[in-house]
Each structure stands twice: as C-alpha cells, then as structure tokens.
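Just so you know, we're using the numbering used here here: the sequence shown kicks off at 126 and counts up by one.
For the record, the hints were derived by calculation from the structure and aren't laboratory data. A few of these clues could be false.
[As the list claims (entries may be wrong)] Simulated pairs of lysine to aspartate or glutamate, EDC-like, Cα-Cα distance not exceeding 20 Å:
1) LYS703 to GLU726
2) LYS160 to ASP601
3) LYS408 to GLU698
4) LYS421 to ASP444
5) LYS393 to GLU423
6) LYS709 to GLU772
7) LYS703 to GLU772
8) LYS566 to ASP538
9) LYS709 to GLU726
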Amino acid sequence: MIAITGVSVQFGGQFLFDDISLTITPADRIGLVGKNGAGKSTLLRLIMGFMKPETGAINTDNHTTLGYLPQEMPVNSQKTVYEETSTAFAEVLALQQRIEDLTHQITHRTDYESADYLKLVAQLADSQDHFQQLGGLNMREQTEKILKGLGFVNGDFDRPLKEFSGGWQMRVELAKILLRKPSFVLLDEPTNHLDIESIMWLEDFLVHYDGGVVLISHDIAFLNKVCNRTVELVNGKAYDYRVPYDAFVELRRQRHEQQVSEAKRQEKFIDHTETLINKFRAKKNKAKFAQTLINKLENLEKVEIDDLEKDAIHFRFPDAPRSGRVVVNMEHLTKNYGATQVLHNVNFTLERGEKVAFIGKNGEGKTTLTKIICGKEPFEGVCQLGHNVAIGYFEQRQAETLDGNKTVFETIDDVATGEMRFKVRNLLGAFLFSGEAVEKKVMVLSGGEKSRLALAKMLLEPVNLLILDEPTNHLDMRAKQVLKDALKNFNGTLIVVSHDREFLQGLTDKVYHFRNKNIRSYHGDIYDFLHQENMQTLDELGMKSRTEAPKPAAETEAKQERINRWEALKNLEREIRKQENKVKKAEQTIAQLENTIAQFEIQMADTQFYAQPDEQVKKAMTDYQHCKQQLQSEMENWEIFLLELEEVQEQKKQIEQQ
Numbered sequence: 126m127i128a129i130t131g132v133s134v135q136f137g138g139q140f141l142f143d144d145i146s147l148t149i150t151p152a153d154r155i156g157l158v159g160k161n162g163a164g165k166s167t168l169l170r171l172i173m174g175f176m177k178p179e180t181g182a183i184n185t186d187n188h189t190t191l192g193y194l195p196q197e198m199p200v201n202s203q204k205t206v207y208e209e210t211s212t213a214f215a216e217v218l219a220l221q222q223r224i225e226d227l228t229h230q231i232t233h234r235t236d237y238e239s240a241d242y243l244k245l246v247a248q249l250a251d252s253q254d255h256f257q258q259l260g261g262l263n264m265r266e267q268t269e270k271i272l273k274g275l276g277f278v279n280g281d282f283d284r285p286l287k288e289f290s291g292g293w294q295m296r297v298e299l300a301k302i303l304l305r306k307p308s309f310v311l312l313d314e315p316t317n318h319l320d321i322e323s324i325m326w327l328e329d330f331l332v333h334y335d336g337g338v339v340l341i342s343h344d345i346a347f348l349n350k351v352c353n354r355t356v357e358l359v360n361g362k363a364y365d366y367r368v369p370y371d372a373f374v375e376l377r378r379q380r381h382e383q384q385v386s387e388a389k390r391q392e393k394f395i396d397h398t399e400t401l402i403n404k405f406r407a408k409k410n411k412a413k414f415a416q417t418l419i420n421k422l423e424n425l426e427k428v429e430i431d432d433l434e435k436d437a438i439h440f441r442f443p444d445a446p447r448s449g450r451v452v453v454n455m456e457h458l459t460k461n462y463g464a465t466q467v468l469h470n471v472n473f474t475l476e477r478g479e480k481v482a483f484i485g486k487n488g489e490g491k492t493t494l495t496k497i498i499c500g501k502e503p504f505e506g507v508c509q510l511g512h513n514v515a516i517g518y519f520e521q522r523q524a525e526t527l528d529g530n531k532t533v534f535e536t537i538d539d540v541a542t543g544e545m546r547f548k549v550r551n552l553l554g555a556f557l558f559s560g561e562a563v564e565k566k567v568m569v570l571s572g573g574e575k576s577r578l579a580l581a582k583m584l585l586e587p588v589n590l591l592i593l594d595e596p597t598n599h600l601d602m603r604a605k606q607v608l609k610d611a612l613k614n615f616n617g618t619l620i621v622v623s624h625d626r627e628f629l630q631g632l633t634d635k636v637y638h639f640r641n642k643n644i645r646s647y648h649g650d651i652y653d654f655l656h657q658e659n660m661q662t663l664d665e666l667g668m669k670s671r672t673e674a675p676k677p678a679a680e681t682e683a684k685q686e687r688i689n690r691w692e693a694l695k696n697l698e699r700e701i702r703k704q705e706n707k708v709k710k711a712e713q714t715i716a717q718l719e720n721t722i723a724q725f726e727i728q729m730a731d732t733q734f735y736a737q738p739d740e741q742v743k744k745a746m747t748d749y750q751h752c753k754q755q756l757q758s759e760m761e762n763w764e765i766f767l768l769e770l771e772e773v774q775e776q777k778k779q780i781e782q783q
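Working from the sequences, and respecting the hints, build out all of it.
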C-alpha cells in the first residue's frame with residue numbers, strides 16, 4: 126500500500142500541492158489527470174522518492190516495490206534488445222550463475238559423505254527452488270512475450286538497442302518494468318511511444334496486472350479501458366473519484382456546478398449576515414450577538430471554485446484552395462532502405478475532401494509514405510499529386526523548422542490572417558502558451574513546447590492537403606479537442622497518422638492499415654476498423670483479448686462502494702435542501718418581525734400615540750414586546766439552522782473527497 130498523508134509542495138512561492146492525502150492499494154488502477162503543470166509528474170516523482178515534500182509524508186511497507194517509467198529518459202545501453210530487457214531478471218540471473226557455480230563445485234568433488242559436500246548440495250537445492258519461484262525456467266518465454274506485445278519481432282531481439290529510436294528504447298524500459306512485476310507500476314504518458322496495437326496489448330496487460338497501477342495519460346480511450354479510479358489535481362488539491370475517466374468528467378461537471386451554486390449561496394449569506402451585524406452592533410442588548418456573527422464571518426471558509434480548463438476556442442482553417450478531384454495517386458510504389466524493403470507494390474488514391482487515417486505497427490511505413498507524398502523521400506513506381514495541391518505537413522521533427530530568434534507570439538502572429546489576427550493569444554492558450562510564455566524566444570523552448578508551437582502555426586496556413594504525423598503526442602486533452610474540432614471543419618483533404626483512438630474517432634471516414642509492406646483500406650472510422658480486426662490482431666501478438674473474463678471481486682466491491690457513496694450523497698443533498706428551506710423560512714420570518722417592530726417604533730415615536738385610550742396603548746406595547754421576544758427566538762433558531770446546514774455540507778464535502 127502507498128499512503129500519501131498531508132503532502133505539500135511549493136514552487137516559486139506557489140503551492141503545487143497543499144495538504145493532499147491519498148491511499149493507493151494493489152487493487153487500484155488510477156488515472157492521474159489535470160492540466161499541464163498541475164503536478165501529475167511531480168506526484169509520481171514524490172512517490173518514487175526522487176523528491177521530498179515540504180510537509181507530510183509518503184509511506185510504503187517493507188514489501189512494496191515500485192516500477193517507474195518517466196516521459197523521457199536517457200538510454201545508453203550497449204546491449205542487444207534481448208540482453209537489455211533481460212536485466213529485469215537481475216536476481217534470477219544472479220541465481221542462475223550461483224547454480225552454475227555450485228553445480229561446477231559439486232561435479233569436481235569426490236568427498237560425497239563430507240559435511241561440506243552435503244552443505245553444497247543443500248545450497249544448490251535451495252537455489253534451484255528459489256530460481257523456479259522467480260520464474261527462471263520460463264524467463265525467455267516471458268521476455269519474448271512482453272517484447273512482442275510491445276511491437277518487437279523475433280529479428281529485433283539480437284539487434285543492438287542503440288540502433289533503435291528513442292521511442293523504441295523506451296519500450297524496452299517499459300518491458301523491463303513489466304517483467305520485474307513490482308507491487309505498483311507508475312507510468313508517465315506510456316502511450317506516447319506505442320502504436321495502436323501495442324496500446325491495446327498494454328491495456329489488456331494492465332487491466333489484469335497483479336498489482337497497483339498509477340498512470341498519467343491524455344489518451345481517453347486508454348484511461349477508460351485501464352482505470353477504475355481517477356484522481357484530478359487542480360488548484361493544489363486532489364479530488365478522488367472511484368470511477369473511470371468518462372464517469373469522472375460528468376462528476377467533475379456536477380462538482381463545478383455545485384461549487385458555483387455554493388459560492389452564490391455563501392455570498393448571499395455573507396451579505397445578509399453583514400446587514401444583521403450593521404443593524405445590531407449599535408444596540409447594547411444585541412452587541413454580543415452581533416460580535417458572534419462577526420466571528421462567524423471571520424472564521425468562514427470561503428468556497429473556492431476550481432479553475433477548470435476553459436471551453437476550447439473555436440476557429441476554422443483558412444479556406445482550402447480548390448484542388449483537382451484526385452489529390453494523390455500511387456501505382457506500384459515500392460520503397461527500400463538499402464536491403465530492407467518497407468513498402469512493396471502500393472496502390473493508393475486519395476480524392477478531394479477525403480479524411481483518412483494511417484495506422485499500423487511502428488516500422489510498417491506510415492511515416493515513410495507521408496514523406497513520399499511530400500516529396501521528401503525517393504521511391505520506385507508512381508506517386509503523383511493532383512492539380513493545384515498545396516500540402517501542409519506536420520512531421521514528428523517539425524519543431525526544427527521554427528525560427529529560434531522569434532518569440533512564441535511572433536511565430537503565430539506572422540502567419541495569422543483575417544479574424545484569427547485577433548485570436549492569436551487564445552490559440553496559443555489552447556496549445557498551453559499563456560502569460561509570459563508567449564514572449565519566450567523559440568530557441569529556449571523544450572522539445573514538446575516547440576512541437577506544440579509548430580502545430581499551432583501549421584493550422585493557420587492556407588493548404589488543401591493536410592498531412593499530420595503523430596500530432597497529439599505533446600498535447601493535453603483540451604488542445605487535442607481544439608485540433609480535432611478544427612480538423613472536422615477543415616474543407617480540404619486530410620491524412621493523419623495517429624495511435625490515439627479517441628482523437629481519430631469521428632474525424633476520419635477511411636482507415637488505411639499498414640501491414641506486411643502494403644496497405645489495406647477500411648471504410649468507416651477507427652472503431653469500425655478495430656471491430657473487424659481487433660481479435661485477429663491481438664491473437665497475432667500472442668495476447669488474445671480477455672475482455673469477457675469475469676470481473677474480479679475487487680471490481681465488484683468497488684462498484685458497490687460507488688453505489689453506497691452515491692446513495693449517501695443523495696441523502697445528504699436532500700438534508701441540505703431541507704436545512705436550506707429552514708434557514709430561508711427563518712430569514713423571511715425575521716424580516717417580517719423586523720418590519721413589524723419598525724412600524725411599532727414609528728408609532729411610539731409619535732406623540733399622538735399616547736393620546737389614545739390607555740387600553741389601546743397597553744395592547745400595542747404588549748404586542749411590541751411580544752414581537753421583540755419572537756425576533757430573539759427566531760434569531761436563535763436561524764443561528765441553529767445555519768450551524769446544522771454547515772455540518773451537513775461538511776459531511777457531504779468529506780464523502781466527495783474520499
């Protein structure tokens with residue numbers, strides 16, 4: 126178990142975390158969500174012990190082990206893919222060497238009856254038993270299974286790891302974590318380095334993993350499939366929802382609406398209380414009560430409204446210049462890199478207005494084909510662009526084309542036209558540039574920031590064929606939605622290479638699957654394709670989907686816990702409404718009594734009042750005193766009702782934070 130208790134962290138005088146507490150169990154599959162900069166990666170580093178909190182503590186028991194995959198890490202291994210992955214079995218390999226040493230000693234001794242010989246035999250037996258318990262007998266089988274699941278093929282195992290790109294090297298680091306089988310797996314954007322098929326394999330692996338999982342991801346489909354719990358970091362607080370991402374979004378919306386409503390009620394309460402204070406503070410017999418109200422306001426905890434992501438801005442691409450009916454035409458296209466053939470005899474036609482997705486395992490030629498269309502790679506066969514085709518191309522290294530001497534704002538402002546000239550800051554904000562960040566020089570930006578800026582710039586250029594190669598890797602959910610909405614309204618032709626199913630859904634109307642050096646088309650979007658191919662693909666990976674397996678007891682218990690929590694919240698909401706009605710009714714009665722008393726006092730201030738018969742004066746004085754007694758009683762009731770309302774609201778708040 127991981128216990129996070131009262132943890133606070135500050136950067137530059139601002140609280141990143143302010144007294145947050147969480148308990149993480151081996152049954153949890155937690156998705157950490159929140160805006161960029163909310164502290165998601167920092168929380169993982171705190172759990173790993175790479176950072177220390179200013180206050181609070183993070184504790185685990187002696188048997189808890191952790192496996193951590195950061196977004197990026199240097200890998201300088203000189204080993205082969207298989208050798209580097211096998212380092213995950215360090216203890217097993219040490220035992221294997223010990224068994225070989227003991228076997229060698231026993232083989233070359235003849236003192237079979239001696240105590241030393243019998244001791245060696247016992248040590249060998251113990252080592253062999255431990256070796257089997259740690260999975261030493263099927264170590265190679267496990268290693269190959271994990272590597273294949275993450276997209277490697279048999280021919281890759283003996284290749285030097287340094288020959289592979291950074292993304293593939295990160296897959297090996299992920300494989301090592303999964304093979305070690307730690308008590309808790311902590312993953313920071315693991316899908317950035319994976320293709321769709323590997324993501325689906327990882328989903329299935331994590332769902333059935335025998336331990337806890339805490340992951341950061343902007344891939345909504347991945348979060349929904351893997352996670353049974355969502356923790357949102359916002360404004361220094363951690364909100365814990367024991368539901369997958371989609372359900373969390375709805376609960377968060379309700380929470381935000383409730384905060385707005387409570388803030389309005391609190392503001393009304395403050396105004397009314399201040400009115401009463403001003404009314405009673407000058408009266409001797411009410412001064413004590415007025416001071417009580419003053420103390421109450423001073424100790425009142427202000428309702429905070431979470432600074433959630435603002436609604437995504439909406440903008441349209443510049444109108445695409447009209448192209449010919451055929452935008453791209455390929456016939457018998459082949460592409461070789463030396464002795465390695467990537468594409469063979471490809472025939473492909475793209476017509477005006479089509480929006481298509483290129484998907485498939487990494488290394489199957491998706492990026493290569495986009496570069497061929499853009500004229501960046503030589504090839505054999507035919508590849509022709511249609512009449513008046515203007516290409517906008519976003520490649521994974523697009524950031525290198527930016528002018529490092531310009532500021533972020535200048536980079537976008539220079540290409541913005543029409544009404545977008547007045548929305549440059551909004552567009553930059555959608556891609557996570559705000560405040561002083563828009564005045565930074567491009568040369569000082571991180572790789573991810575440059576990539577986002579290059580994408581924002583490309584969206585403003587008038588083209589009629591957009592080609593996007595993995596555009597979402599450095600975008601959060603809001604920025605992805607901005608891009609997706611803009612692409613839906615784009616009136617040109619689109620090719621997008623992506624592994625993000627949620628991003629592709631509803632965006633493209635045709636899927637091209639790259640496999641075995643060729644491509645095959647499927648009409649419909651990404652989920653239509655997966656419906657047809659999912660089982661076959663996962664079978665090939667040796668990891669057939671187990672989605673029909675019975676739900677574990679922990680999941681059933683968690684579901685019942687969510688139901689109980691929901692019922693408790695509903696009951697408290699009813700009680701809150703009941704108490705609010707009592708407060709409102711008391712306030713109305715107080716207002717009526719105050720008005721009646723004021724009328725009596727006006728009458729009694731008039732000298733003609735006492736010219737009435739004594740009986741009428743006496744009755745009026747009696748009624749006046751009776752109203753004052755009623756007001757005193759009603760004021761006390763009002764205070765009691767307020768306290769009871771606050772108690773119920775606090776109970777509800779505690780349950781919501783559980």
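Hint numbers contradicted by this structure
1, 3, 4 and 9
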